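Top to bottom, those sequences are chains S and P. Residue numbering for the first sequence follows the numbering used here, starting at 34 and increasing by one per position. Residue numbering for the second sequence follows the numbering used here, starting at 12 and increasing by one per position.
Among the hints, a few may not be true.
Computed cross-link-like contacts, DSSO-like style, restricted to lysine-lysine with a CA-CA straight-line distance of at most 27 Å [stated by the list, open to error]:
1. K32(P) x K300(P)
2. K88(S) x K368(P)
3. K471(P) x K32(P)
4. K368(P) x K73(S)
5. K88(S) x K316(P)
6. K73(S) x K346(P)
7. K129(P) x K262(P)
8. K88(S) x K405(P)
9. K405(P) x K300(P)
To be clear, the hints were calculated from the coordinates, so they are not data collected in a lab. In this text, all values refer to a predicted model and were calculated from it rather than measured experimentally.
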Amino acid sequence: MGTKIKFTRREIATALSTSAALLAQSPSPPLPQNPDDELKAARESNRQNSEQLAKFPLPMSTEPAAHFKA
Amino acid sequence: MASIPDDIFFATITELNQKLKAKEFSVVELTRAFSDRLERLGPRYNALALSLRQQAYRAAKDIDGDLKRERYRSPVQGIPFGAKDLLSYEKEPTTWGARPYAGQVFDYTATPLKKLGKIGAVLMGKLAMVELAGGPSYRYANASLTGPGLNPWDRTRWSGGSSSGSGIAVAAGLVTFALGSETSGSILTPSAFCGVTGLRPTYGLVSRYGAMALSWTLDKIGPMCRSAEDCGLVLHEIAGADAQDPASAGKSFHYTPQFSRELKTIRVGFAPVDFDEWAEPSARPDFAKALEAIRSLGVEVTEVKLPEFPYGPTISTIVSSEAAAIFEPLIQSGKVDQLVDPKQIAGLKAGLEIPAKDYLKAMRIRSLIQDAFRDLFADVDVLLAPARLGPAPKITQPLDRPLSDRPLPKTPGLTALIPAGNLAGFPALSLPCGFADGMPIAIQLVGRPFSENTLLAIGKAFQDRTNFHRHRPPGFET
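Could you put the whole structure together from the sequences, leaning on the hints where they help?
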């Protein structure tokens, strides 16, 4: 358990420059036509998720959520 | 033998309980009438996975004996219900809505079904669901062993998923209540689209022993009913500690409307942009009225902003990673290709390749989300937003494409409340609040962990003033 590090609004805003609203407005890619294209699309989606997560600043002390008992 | 009037199929638990106690009809008569209806109409909406008529009939006879001797166990005693086919029932097929598991039989019964059986609720059948509860993602309404869930309000539209049969069965009066499950939206969505009242309990409040796992850290079991009050009565029975569920919070739930907080002490946070701009234009008039109805309850309504986090990528990474780990044997065996939905097949396969660092990053962000919401809930008690932004889509509409090409607002409002609420483990209540294009729409209330009684108190007060939860689909009116 470590101390909390706070981020400024600007840092978070930069990290989230591709917000949900902006993502929603980007044009949808065409529907995949075969299983290979589907797999490529799924991998691409995971890659984009990874990119979004990587942009988010995390204090080194932040541990994974392990308790959900509030 | 008493004949069962049509209104009974749309009665609440409390109403049926009174009639059973008054001996207007027996539990056996009620069970027979509901069984006939479930078997006749269930397939018409692709809602029925398995009828349990014989078992229900046997249970009903025992319960009649109890009622005769005035052994009252619960308001839910003698009440017919259905369960999403992701909950095991011993020695009967449990398909998880998926072809590769069509012949699967367990030798034990899921804890929530066991608990309901113990107090004399009557399980009528297993209800249809989206295959593997949707897996990481799916594109088409027909992603199910039983075909697309057809909405009782309009069979050309989708019921919502993944608890599709549960939403349909309650809306069409095939059961009095149903159990569904939610990883991210699977109780709220079919509840909203079918016009029923659905409760997603706090993570860990209801045991998942005997339920299919899609995501260990997100899965919840909850009731879908005719009213908020019914949700409280059912949750009272199914909640509680269970050593067989490692995620059990060790808490019970007592539905205590008589001790609920005074509404004027409750602070409700909302974002106007959700109702004015994000909502589908056809839904805005009734959403606006719903907001007014909430205000008229005397609660303090205030504007809030959702803490900024990458909710979508976070929940998607967690569900994809956990689902791929859970279904690795299915994926490696090649049987995953027997699933219906091409997007789900690909999502499961690709999920095996997600690096551990991404999963852990998502889970670390989730910690911050929980912290941020703890701060937000210092200022408000409940968050309010549309449960879904509009009515149910057509069954042919790809679910991963926007419904229209209208320009979307620049500010997110609370549109990420479903992933956010699930990531943080919060309870949520979906309340029918009007209509758009002749289809039901709904609002959602989200609260702190274990604040179900507060959500239900607002829900009951809202339903005391409105009657959307009592509307019936066309063809089912009196």
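Status of each hint after checking the structure:
1. K32(P) x K300(P): violated, 38 Å
2. K88(S) x K368(P): holds, 13 Å
3. K471(P) x K32(P): Given that 27 Å is the threshold and the Cα spacing comes to 24 Å, the pair holds.
4. K368(P) x K73(S): holds, 21 Å
5. K88(S) x K316(P): holds, 21 Å
6. K73(S) x K346(P): holds, 20 Å
7. K129(P) x K262(P): holds, 19 Å
8. K88(S) x K405(P): Status violated; Cα separation ~36 Å.
9. K405(P) x K300(P): The hint holds at about 25 Å.
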